[in-house]
Amino acid sequence: MKKVQTLCIVREPQRILLGMKKYGFGVGRWNGFGGKVEDGESVSAAAARELWEEAGIRPLDFAELGIIDFEFESDPKIIEAHIFCVTKFEGEISESNEMKPQWFGVSEIPFGKMWSDDEYWMSLFLEGKKFRGKFIFDRPSDAEYRSKIIEKNIHEVEEL
1 MKKVQTLCIV REPQRILLGM KKYGFGVGRW NGFGGKVEDG ESVSAAAARE
51 LWEEAGIRPL DFAELGIIDF EFESDPKIIE AHIFCVTKFE GEISESNEMK
101 PQWFGVSEIP FGKMWSDDEY WMSLFLEGKK FRGKFIFDRP SDAEYRSKII
151 EKNIHEVEEL
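Read in order, the letters of the sequence shown correspond to residues 1 to 160 in the numbering used here.
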């Protein structure tokens, strides 16, 4: 069974916008903005909605760059994450009840406080390349625990 999720990262030439997760799945970790795709909603519409709900901005120019399947040893459910790069947006970046946004220089990305898979695909993302992957973790990350990767596969693709 697959659960489809979205992840948006706002990208400017020398920095990216991440959010500190304030509660729930991934609490205490920096991440892009996103969440589940609702019934009848397209993946891109869900990505735009989640970015608005979590950071107060609407994407004007964004593209899907990656699809990664995530699994946990303790849970047979697969999370299929669609990763979007936002290069133009409207609105004022603002904190929500779920996420606290912050800009990071591309050489200062806080990988130690992010999900452990991010460092394996972020370079492809920053180069604007399309990619597919799969990661199996021991268990979910939270503020005190960073997931251990049991298995990984990430590669550049021509088409998603």
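It cannot be assumed that every hint is accurate.
Unchecked claim - What follows is a list of derived Cβ distance ranges for each label pair:
#1 Tyr-23 / Gly-128: 16 to 24 Å
#2 Gly-40 / Glu-108: 18 to 26 Å
#3 Phe-25 / Lys-152: 15 to 23 Å
#4 Glu-92 / Asp-138: 21 to 29 Å
#5 Glu-12 / Glu-64: 31 to 39 Å
#6 Trp-103 / Pro-76: 36 to 44 Å
#7 Asp-138 / Lys-3: 13 to 21 Å
#8 Met-122 / Glu-144: 31 to 39 Å
#9 Arg-58 / Gln-102: 16 to 24 Å
#10 Asp-39 / Gly-105: 33 to 41 Å
#11 Glu-92 / Glu-158: 33 to 41 Å
#12 Gly-112 / Glu-41: 30 to 38 Å
#13 Tyr-23 / Glu-127: 15 to 23 Å
#14 Leu-160 / Lys-88: 16 to 24 Å
Stated by the list, open to error - Once the Cα atoms are required to be at most 30 Å apart in a straight line, the calculated DSS-like pairs of lysine-lysine come out as:
#15 Lys-129 / Lys-100
#16 Lys-77 / Lys-130
#17 Lys-134 / Lys-77
#18 Lys-88 / Lys-36
#19 Lys-88 / Lys-148
#20 Lys-36 / Lys-77
#21 Lys-152 / Lys-2
#22 Lys-2 / Lys-77
No lab work stands behind these hints, which were simulated from the structure alone. None of these values were measured; they are calculated from a predicted model. Where is the CB? At the ideal position from N, CA and C, for every residue including glycine.
Verification of the supplied hints:
no. : hint                          : in the structure
1   : Tyr-23 / Gly-128: 16 to 24 Å  : 32 Å, violated
2   : Gly-40 / Glu-108: 18 to 26 Å  : 39 Å, violated
3   : Phe-25 / Lys-152: 15 to 23 Å  : 20 Å, holds
4   : Glu-92 / Asp-138: 21 to 29 Å  : 39 Å, violated
5   : Glu-12 / Glu-64: 31 to 39 Å   : 19 Å, violated
6   : Trp-103 / Pro-76: 36 to 44 Å  : 37 Å, holds
7   : Asp-138 / Lys-3: 13 to 21 Å   : 19 Å, holds
8   : Met-122 / Glu-144: 31 to 39 Å : 23 Å, violated
9   : Arg-58 / Gln-102: 16 to 24 Å  : 19 Å, holds
10  : Asp-39 / Gly-105: 33 to 41 Å  : 39 Å, holds
11  : Glu-92 / Glu-158: 33 to 41 Å  : 37 Å, holds
12  : Gly-112 / Glu-41: 30 to 38 Å  : 34 Å, holds
13  : Tyr-23 / Glu-127: 15 to 23 Å  : 33 Å, violated
14  : Leu-160 / Lys-88: 16 to 24 Å  : 21 Å, holds
15  : Lys-129 / Lys-100             : 27 Å, holds
16  : Lys-77 / Lys-130              : 24 Å, holds
17  : Lys-134 / Lys-77              : 13 Å, holds
18  : Lys-88 / Lys-36               : 22 Å, holds
19  : Lys-88 / Lys-148              : 34 Å, violated
20  : Lys-36 / Lys-77               : 14 Å, holds
21  : Lys-152 / Lys-2               : 18 Å, holds
22  : Lys-2 / Lys-77                : 6 Å, holds
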